[in-house]
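Trainee: Sequence:
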Amino acid sequence: MRQEELKEKNSSLSILLIIVNIILVLIFFNLIPSSEDEGIMRMYFVGVAFVVLQGIYAFSYRYRAAKWFFGISLLILLVFTGLLWYAFQLGKAFQH
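Numbering follows UniProt numbering, with no gaps: position 82 of the sequence shown is 82.
Using C-beta positions, here's what the derived DEER-type ranges look like:
hint: 1; residue 1: Ile19; residue 2: Leu78; range: 17 to 27 angstroms
hint: 2; residue 1: Leu24; residue 2: Arg62; range: 25 to 35 angstroms
hint: 3; residue 1: Trp85; residue 2: Ile23; range: 24 to 34 angstroms
hint: 4; residue 1: Ser12; residue 2: Gly39; range: 30 to 40 angstroms
hint: 5; residue 1: Leu24; residue 2: Leu74; range: 18 to 28 angstroms
hint: 6; residue 1: Glu36; residue 2: Phe59; range: 27 to 37 angstroms
hint: 7; residue 1: Phe69; residue 2: Ala93; range: 28 to 38 angstroms
hint: 8; residue 1: Val79; residue 2: Ile15; range: 21 to 31 angstroms
hint: 9; residue 1: Gln89; residue 2: Ser12; range: 36 to 46 angstroms
hint: 10; residue 1: Pro33; residue 2: Glu8; range: 36 to 46 angstroms
hint: 11; residue 1: Met43; residue 2: Phe69; range: 16 to 26 angstroms
hint: 12; residue 1: Lys92; residue 2: Lys7; range: 41 to 51 angstroms
hint: 13; residue 1: Trp68; residue 2: Asn21; range: 20 to 30 angstroms
hint: 14; residue 1: Leu77; residue 2: Glu4; range: 30 to 40 angstroms
The hints are simulated quantities; they were obtained by calculation from the structure and are not laboratory data. We put the beta carbon where it would ideally sit given N, CA and C, even for glycine.
Please model the complete structure; the sequences and the hints are all you need to start from.
Mentor: Quick look at the structure:
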């Protein structure tokens, strides 16, 4: 019984640390002045950091719901990556 309580406590602390890390990344990226394109890329990197931290959490604690949430967020990140790539390619096409 003690092992399960310890695992639950560590799980809660891990979620708290993920939230704190994401907030710190957001603060770090917003302190530096940037253009609109750099701001979009910074938010993209915040999303990547979130998905990586969430993946580490999901596969270290082996919760089924966490794995599903990780899979959905990874799918959203991949779709957003494709749309971002497409937008940059359109920008290159209309540059000339």
